[in-house]
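Peer 1: Listed below are the residues making up each chain.
2 protein chains.
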Amino acid sequence: MDMINLENIIERIREIMDDETNEQLKEELNGYHVADLADIFQELKPDERLKCFTLLDIDKAADLMEYLPAQTQVELLSDIDEELASKILTRLPHDAAADVLGDMEDDESETYLDKLPHKFSEEVRELLTYNEDTAGGIMNPVVLTVNSDMSVQDVLNHIRIKAEQDNMELYYVYVTDKQNHLLGVVSLRKLLTSPINQKVEDIMISDIVKLHVDDYSDYIIDEFMKYQYNALPVVDLYNRLKGMITWDDVHDLFEEETTEEIYQSSGISTEVVDEDEILTGNIFNAIRARTPWLFITLLGEFVAVNVAHFYEHTLTALPIIAIFMPLLAGLGGNIGTQSITLMVRGLSTGQVTLSSAFHHILREALIGFLIGGLFGVLVTFATWGWQHSVLLGIVVGVAMTINMTMATIIGTFTPFALKAINVDPAVASGPVIATTIDVVGLAVYFSLVTLFLIRVF
Amino acid sequence: MDMINLENIIERIREIMDDETNEQLKEELNGYHVADLADIFQELKPDERLKCFTLLDIDKAADLMEYLPAQTQVELLSDIDEELASKILTRLPHDAAADVLGDMEDDESETYLDKLPHKFSEEVRELLTYNEDTAGGIMNPVVLTVNSDMSVQDVLNHIRIKAEQDNMELYYVYVTDKQNHLLGVVSLRKLLTSPINQKVEDIMISDIVKLHVDDYSDYIIDEFMKYQYNALPVVDLYNRLKGMITWDDVHDLFEEETTEEIYQSSGISTEVVDEDEILTGNIFNAIRARTPWLFITLLGEFVAVNVAHFYEHTLTALPIIAIFMPLLAGLGGNIGTQSITLMVRGLSTGQVTLSSAFHHILREALIGFLIGGLFGVLVTFATWGWQHSVLLGIVVGVAMTINMTMATIIGTFTPFALKAINVDPAVASGPVIATTIDVVGLAVYFSLVTLFLIRVF
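Going down the list, the protein sequences come from chains A and B.
Take any residue in the first sequence, note its place counting from 1, add 594, and you have its number in our numbering.
Take any residue in the second sequence, note its place counting from 1, add 594, and you have its number in our numbering.
Simulated from the structure, these hints should not be mistaken for lab results.
Any given hint could be a false lead.
Which copy is meant is left open, because identical chains are indistinguishable; a pair holds if it fits in one copy or across any two.
[As the list claims (entries may be wrong)] Below, in silico cross-link-like pairs of lysine-lysine (DSS-like), each with a Cα-Cα straight-line distance of 27 Å or less:
#	residue 1	residue 2
1	Lys756	Lys793
2	Lys756	Lys784
3	Lys681	Lys784
4	Lys639	Lys654
5	Lys645	Lys784
6	Lys645	Lys709
7	Lys756	Lys804
8	Lys772	Lys756
Produce the complete structure using the sequences and hints provided.
Peer 2: Put into structure tokens, the structure is as follows:
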């Protein structure tokens, strides 16, 4: 469903809402895939959304919840009657229910938890005790477990009963002992292709890739990216199976992580303020997230101002040289940012490693020198033609070449240096380097001018 | 396995390589998970890597291939003897084999294709006819299909034979007619929880989310992100099932797409040059990818130079004002980049839509005004204290506030404007806006100086 289709659909739904019966609206809405409904709901006004939501079949409404943003989930549940809300909550996987309840005010979530079936609310309460950025806070505690001495046929029978009854996600079957210690894992594929009288312990894998309840989301993403499994089991300190995390959980984490990486590249801090707050939340949270690196830029640029001030006599003697300052700073900053971007991203994906730092610094310096040389020649001729001074042209051109070469070196060196001292290169690189390049670039330019131009003019 | 562990492991492997027998090295290597082996191989020197590779069990070697970067795959296959290479290739899933062969020189891949079993090489050849960025080029053509009149028990029996024999990935069972038209899909979970004598047509889903062989990778990613399935079927123009794409294929696509998005934000073009080439390939390809936007920046900065030149008399009258140029340009550029980053990322994830453009422009303008106001006051006092001129301080401070406010407006408006005319905001925003902010910022600053300062001094 693309953008244009979506607009047409919204229009049709609004027409049905205005002109036709609720029955017809109900039929229309229940015909969509929940992922499409989520797109539709995003475009509807809150009152339209609420009306449509109450017309959905209850299973569809519960399915839909998982595709909606947290804020919309909470709004919808608060606006429908509590009976219906409780019914929907119990139909959600435990981790999804915990996510919604965790986003509510404490007293509101308590009200719901008291109304939910005891076993369900107990399990959800346990999930809520974990930090929401750790495996414990992300996992689904409902996992299909079997004993190691069961046969394949036993397991298939067991699945037939349990998986239906508990609305279980099913990718792997986990083998545990009586105290729920994790012993092994069997994929459904293995299960379906093994002789039915074979013992589980003979087909299970015992070298298990697993997560710990306290593992943080970035580690979880790394593990999923590396091993490429659809689901990983989560255990506690004593190797007791507590739940599992599936690909679709990680997909959300991954998108968040990417957003953080991109935000940080322009000096927007996601440490102090939740990522969602920055784009749409309280405006003062957005300011808090954005000001720190801007302030560091401010301090850095004051150094640049002082460098320029140091050459005040040069400026007074030859004011024309000032007009080239933005040109030099702009291109130095730009090519330096390219180098940073390549290194920070490369370090993040693993394409670039600390051991190859020297190679990359040399490579980038060469690229900076070649592009800088080309641009230097262009600038020399342009300035010569415009200001009728070949010497001025050469000074600006040479400054351009040196600036761009140094910008690539600084832009490549700094992320490696930060990585080497265990500071996240994504956080600090952008604004600091831009300022450093300004400072160094100005010093080079004014030195050249003072050396070669002042006596001549 | 973290960085420190990895270093220790590499060290141990090198010790075994030097001091112990091949048997011991073989035992050590085969004990690792292939994902860990991939990390280890990345750190080894080419000759060490080759030696280790030949010691791996053949199934492990084949598994490992899929975790290695394309370049390493091709290198290893070219360096081992052709017999072994062919054996490994036939053990790969078809899509993985096609990927490796597609990365080789044509005559080299032809040599292999001629040696491989006929059926396998035919299927791989067909895959190679598709564009590698489309569903056809990404999919695995080996899919488990069943007829609609089979019972659940029939299907389970069928899986037991077929899945093992063809080394099939197994997430869903696809229901097709005799001409291989896709009729429905059954999840393994549904299969395992339905009565064994039920007909497949009664439990299959017929509203199938599917991909077309010619769909491009960005569309594929969007579909996977939206519907959150583990696998999607791929059909041709006539709805005939051609293959399927699984989450782990998309994971690689997604990482590439993210890299492109991040590269583009700093004006590194991934249109003309393959993404891998930019970081490690031929240096002239890297220059080709980076120069176009730098050149546009160059043109833009010449406009900025002209603006400054227009105020040459002001500069001559009061050279001190030149020293504040980097300060104003630096902070305007920085906060403007933050706005661009937020909008481009928001448009990409769907958190920001065209219909909310006006709201975001206002919000960013307010943020720019508040941060700019704060910084303006700071700069006013700093300049006043330093240069002992309250008027100079005020002019620089006011210019700072106006600059930062305008930078946020330009940085927010431009991505929306580009999106509205169907230009990818990620491509054009960064360098163009930085330059625009330089030009506008200088004009504001020099106007203020000319109006309020020149007569006074």
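Peer 1: So which of the earlier hints does this model not fit?
Peer 2: Hint 5 is the one this structure does not satisfy, whereas the remaining hints hold.
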